[in-house]
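Student: Here is what each chain is made of, one letter per residue.
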Amino acid sequence: MPTLESRPAIYTTRIIDRREPAPGIVILGLHAPALAADTRPGHFVMAIPPAGVQAAVALGIYEARAERVSLMLVDAGPRTRALAALAPGDSLELLAPLGNGFFLDDLPDHVGIVAGGVGLASVLLAAEDIVRRGKRATLYYGARTARALVDRDLFAAAGCAVECATDDGTFGHHGYVTDLLRIADAPTLLLACGPSPMLRSVSRVAAERGLRAQLSLEETFACGVGACWGCVVPLDRASAQAPKFPEAGADESRTYVHARICKEGPVFWAHELRW
Amino acid sequence: MPTLESRPAIYTTRIIDRREPAPGIVILGLHAPALAADTRPGHFVMAIPPAGVQAAVALGIYEARAERVSLMLVDAGPRTRALAALAPGDSLELLAPLGNGFFLDDLPDHVGIVAGGVGLASVLLAAEDIVRRGKRATLYYGARTARALVDRDLFAAAGCAVECATDDGTFGHHGYVTDLLRIADAPTLLLACGPSPMLRSVSRVAAERGLRAQLSLEETFACGVGACWGCVVPLDRASAQAPKFPEAGADESRTYVHARICKEGPVFWAHELRW
Amino acid sequence: MSGVIATQPNLRVRLGGLDLAYPTLMGSGCYGSGDEYAPFIDLAGIGAVVLKSVTRAPRLGNPTPRLVQTPGGMLNAIGLQNPGIDHYLAHDVPKFASRPCGVIGSVAGFSLDDYAYTTEKLGACDEIDAIELNISCPNVASEGETFSCDPRLTHKVVAAARKATAKTLIVKLSPNVTDIAAIAREAEAAGADALAVINTVRGMAIDVHAWKPRLGNVTGGLSGPAIRPIAVLAVYEVARAVAIPIVGQGGIETLSDALEFILAGATAVSIGTGNFTDPRAPIRIAEGLRSYLAERGLASLADIIGKANAGFKNATEFSGDEG
Amino acid sequence: MSGVIATQPNLRVRLGGLDLAYPTLMGSGCYGSGDEYAPFIDLAGIGAVVLKSVTRAPRLGNPTPRLVQTPGGMLNAIGLQNPGIDHYLAHDVPKFASRPCGVIGSVAGFSLDDYAYTTEKLGACDEIDAIELNISCPNVASEGETFSCDPRLTHKVVAAARKATAKTLIVKLSPNVTDIAAIAREAEAAGADALAVINTVRGMAIDVHAWKPRLGNVTGGLSGPAIRPIAVLAVYEVARAVAIPIVGQGGIETLSDALEFILAGATAVSIGTGNFTDPRAPIRIAEGLRSYLAERGLASLADIIGKANAGFKNATEFSGDEG
Ligand SMILES: Cc1cc2nc3c(=O)[nH]c(=O)nc-3n(C[C@H](O)[C@H](O)[C@H](O)COP(=O)(O)OP(=O)(O)OC[C@H]3O[C@@H](n4cnc5c(N)ncnc54)[C@H](O)[C@@H]3O)c2cc1C
Ligand SMILES: Cc1cc2nc3c(=O)[nH]c(=O)nc-3n(C[C@H](O)[C@H](O)[C@H](O)COP(=O)(O)OP(=O)(O)OC[C@H]3O[C@@H](n4cnc5c(N)ncnc54)[C@H](O)[C@@H]3O)c2cc1C
Ligand SMILES: Cc1cc2nc3c(=O)[nH]c(=O)nc-3n(C[C@H](O)[C@H](O)[C@H](O)COP(=O)(O)O)c2cc1C
Ligand SMILES: Cc1cc2nc3c(=O)[nH]c(=O)nc-3n(C[C@H](O)[C@H](O)[C@H](O)COP(=O)(O)O)c2cc1C
Ligand code: FES
Ligand code: FES
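For the record, the sequence lines run as chains A, B, C and D.
Per the working numbering: the first sequence = residues 1 to 275.
Per the working numbering: the second sequence = residues 1001 to 1275.
Per the working numbering: the third sequence = residues 2001 to 2323.
Per the working numbering: the fourth sequence = residues 3001 to 3323.
Treat the hints as calculated values from the structure; they're not laboratory data.
Misleading hints may appear alongside valid ones.
Unchecked claim - Simulated pairs of lysine-lysine, DSS-like, Cα-Cα distance not exceeding 30 Å:
{"hint": "1", "chain 1": "D", "residue 1": "K3313", "chain 2": "C", "residue 2": "K2307"}
{"hint": "2", "chain 1": "C", "residue 1": "K2313", "chain 2": "D", "residue 2": "K3212"}
{"hint": "3", "chain 1": "D", "residue 1": "K3313", "chain 2": "C", "residue 2": "K2212"}
To be verified - Over 12 Å on every C-beta distance to chain A, these chain D residues come out as not near it, computed from the model:
{"hint": "4", "residue": "P3039"}
{"hint": "5", "residue": "C3149"}
{"hint": "6", "residue": "T3277"}
{"hint": "7", "residue": "D3303"}
For every residue, glycine included, the Cβ atom is placed at its ideal position computed from N, Cα and C.
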């Protein structure tokens, strides 16, 4: 959990830059000094879409430095599309910063960061933080194809090593990003963010090889602030993150409870999940 | 009815210019040579909105010359707003040209054109046509306020006189545009397009003063091509435009039928309406 | 040659005795007679057009406004404006003879007699391939209770229509009921060959400036993408309750929308309000279905019908005679 | 001074014995306990928060996914996850004491006993100002029939809850019925002080890639702007059937949306899904209502309630003690 309590609020920000590192991917830079200062690695926002589009959408905080915060949008549906159509000068309101963030207080010498697709948006700040704490960081980055591997240079610039895998073999390892973890000197702590199948695979590899892994989970959100119980994951009752909950009578409730990804998470220890 | 049969089709056009003559009003110029050639005064289009926005929307054909057709959008809701956000280079699909258009074959020496608000979009071609036929045309143009009176110069350039009225008295006559018709030498034929209350008022003035009036009606459309019967108006059974319809048993069906504004109209003779 | 043809997925489906080249219908009341769209689309690419509902006596329909846009959908209250069956037979039906797609007549009414009378007359026309029974009207003899809202009344009206025609009989169900599966079972038991699921959902909108209902008829029927989840569930539930084929409808605009209904158990789909966004929707959906099947190496639509519905009972026949 | 105050329109409304400073509620299940929103909005600007429904026994809730976005709305199938009434009374309820707005507890259950038990326990808490009865659950004793879908069951469950508490009792109706007015009349007859209209509409969505329902629970409840026309009509019909006040809900996001419900006959409105677009919605709607009344020179909300509903019967009491 973040060492300092952050103070979520509704931020009215202004878009100051916009780039498209690959087709279907847009990065919006926002002027948001107070939010930048209050953001910890792994935090996310609920972005209020332009008028006429329903439902705020969960987005990782990609960059946060000085006066600027950035968000990465990968075209998935009406909301990411409407937000990606915004231009410098437009304003954007956010509920932020939200979520627990990665646990970075007690790091081994070498930390592996596993990112798939849009999961990249939630791990750059963690990479920076690890390096700042004097540890080694390696990004294991997977995507469908070479073109969808974006911004490797930002990680390199932060002092983080980068290893890639593509489904179609157009860049780096031909296969799953988790294949890259099956090496002798794998980092003993993994931070992972990406699609569920990738996270489950990270979980398996970690279990097999005795590594610890923190997973930043994705699920459809409605509120993003713990109010609707729409985004849960089965979590070991013994986890420090498990909400207090009496046994429900059913057998399984003896071993797990449903924790809210947006509130108790989005970062959980892989070995504590019962999914 | 137009002298030549027009051939409606789905046109894929490209936006070539865009201007905002007043806040909330946008005029889009489209490259559409075949449509420009096939358009008669009073025709309208059903414009297919950008992906994600439902329901095509009815718009008058404002200008039609050589390769270019233009549409006027007045912010009323999601569809006019989505279309107004289009920019040069974007493509726009239209079902067009639709409707009967004004009856311009048998004109008196002086024709009055009454337009309120967005009704202006449906009468410029009529003004041009009247002048081309060697007759005098006067536009009686009403709006809430001076700023909302747009493009008077286009009418003047077409050789049409322009008289204005504003609700707030900021330009021209302070009051209703129909007040301008209560003069001794009013034109004996009126063509009118605008909000319902204005058209009803034109209808009353015409009846009082023995003028003939063609009204281009507005109603919520769904199909715009006569398929859904959503856009009807009660019309005298004896009208040449009345759809063939047996008496329904109810008394009123002896005197009127429901005609489709999009198909039998949008232009009707004021004295034939039973609204 | 025949090898190449054999790899083209088969979109042909059967609804009772009605054989359709495509599983895509134009919904009643939304495409007129189909002719209105001849300038815009090739009707040969449509399975069938379902005509606007016709009644025994002529009807002037409801006062205006009859249409209101709502979020993700629209309300309509047309009030079944139509010239009555006699005028319809004399003036309209003859025009349907040369239609390059199926033609399904739609019958509405206000008593059992009405339905039987109109069904018999319309069913007797060579130009009409099948009859759809729009039973979402109030029964004037039965304190105005809507036919489709009561299992007993549904049974009676379907039985009456069944006696009146030997043509394929499609019964269109209303979603405005506590238990649509119970209604569906009655329609099947009374002799329906297929079910159309769903008609519009009752709703209203209010003019907040004028302080009055926005529709001339006060209430209307909600349609369009807004109701799609309601319609998909209705198809899902009906498909578990009956063995006759289902025509799914309610908010279909795209291939993905159509697939939801087919995977829930629909044999064919109908596009209504989607036409008002883009009349090419049914053509595009048929093309999309063909590619969808081809990409997955599937031979016919039968391979996906009901595949997301574990309790699927629906036992459609397919004509295997086309490539 | 008092002259100035008197010209400020009065937004205060009464639901049974419950006096609310604003006619705007936070809908059950959408705002948690309200505390989750304290960082974002001033709860003193809200009429009341309706808490997430609580049951007698703890419930783990449904498998995931529990949420799906749909056109103009969303589906949810949370499955009433809650810690059960005992844990709730011990750990959660005490936190509600210092709330600057009304606090309405929501009770769900699966038998008459459940409802009576939970209502009594929750109604006895000083922190709870009123009880909302969520009767959209299946009755396990009655072959799983949903309480709110049967007038007889509705009467029984409301009567049981009525006996269990003297606090204001709001009964929340389901739209998934043939005749909502009949259900409303039973709830009123059994002692309800007010009605919440409507709960979610049943629906489902299908994953067209995986060929399976998108919700872990297969079916879910549709909410949001998509259902607004359905909800406005339900309020319109219920307002003609009963004399107790109505809390309108279903797709309210803006002032205009709220006005539709109030003009149809609602005394107050509740914002649920609208919160997920912008949690400030209830505050903005209250401000908007004040301006709307002021612009028209109207003194209180009573001046517009039911004004688009000619057959309006609802006879709400208003507290006239505020400027
Ligand atoms: C903590 C967190 C952080 C996140 N960070 C980011 C981020 O930084 N950047 C980012 O771009 N996203 C991020 N996401 C994901 C994003 O919030 C979701 O993808 C969101 O749903 C996008 O909204 P949308 O309206 O654009 O798409 P939606 O309409 O919500 O669509 C979402 C998905 O559903 C699928 N879908 C829709 N209909 C069907 C159907 N019938 N059958 C099968 N599948 C269907 C779509 O293909 C799509 O993949 C994050 C999510 C979480 C929880
Ligand atoms: C033949 C014809 C020609 C036309 N030509 C043009 C043209 O050239 N240019 C042009 O801009 N328009 C034109 N129109 C009008 C245009 O088609 C309509 O205004 C259309 O509805 C706009 O769609 P929208 O989605 O933008 O607004 P919509 O959402 O359809 O809103 C339409 C109206 O409904 C009102 N409304 C919505 N909700 C409520 C409520 N709860 N209470 C009270 N009122 C409400 C809105 O304020 C608005 O005035 C024409 C119409 C016709 C029939
Ligand atoms: C304007 C309009 C008119 C309709 N008229 C009829 C009708 O006459 N008979 C009928 O059975 N259904 C009628 N319907 C219902 C549609 O056929 C369809 O069942 C319903 O709208 C749901 O599908 P959709 O969302 O694709 O429109 C009408 C729908 C609309 C929108
Ligand atoms: C995620 C979610 C959870 C809900 N949980 C409950 C609940 O526990 N009890 C209840 O009575 N209603 C519940 N509802 C229904 C809402 O309170 C509301 O009645 C309904 O969603 C319609 O209003 P809306 O469109 O404003 O959301 C829930 C709705 C949503 C979207
Ligand atoms: S999204 Fe509402 S609790 Fe997590
Ligand atoms: S809008 Fe459909 S008939 Fe006119």
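Student: Against each hint, give a clear statement of whether it holds in the structure.
Tutor: Comparing the hints with the structure gives:
no.	hint	result
1	K3313/D x K2307/C	49 Å, violated
2	K2313/C x K3212/D	16 Å, holds
3	K3313/D x K2212/C	16 Å, holds
4	P3039	5 Å, violated
5	C3149	24 Å, holds
6	T3277	5 Å, violated
7	D3303	29 Å, holds
Checked against the numbered hints given earlier, the structure breaks hints 1, 4 and 6 and satisfies all the rest.
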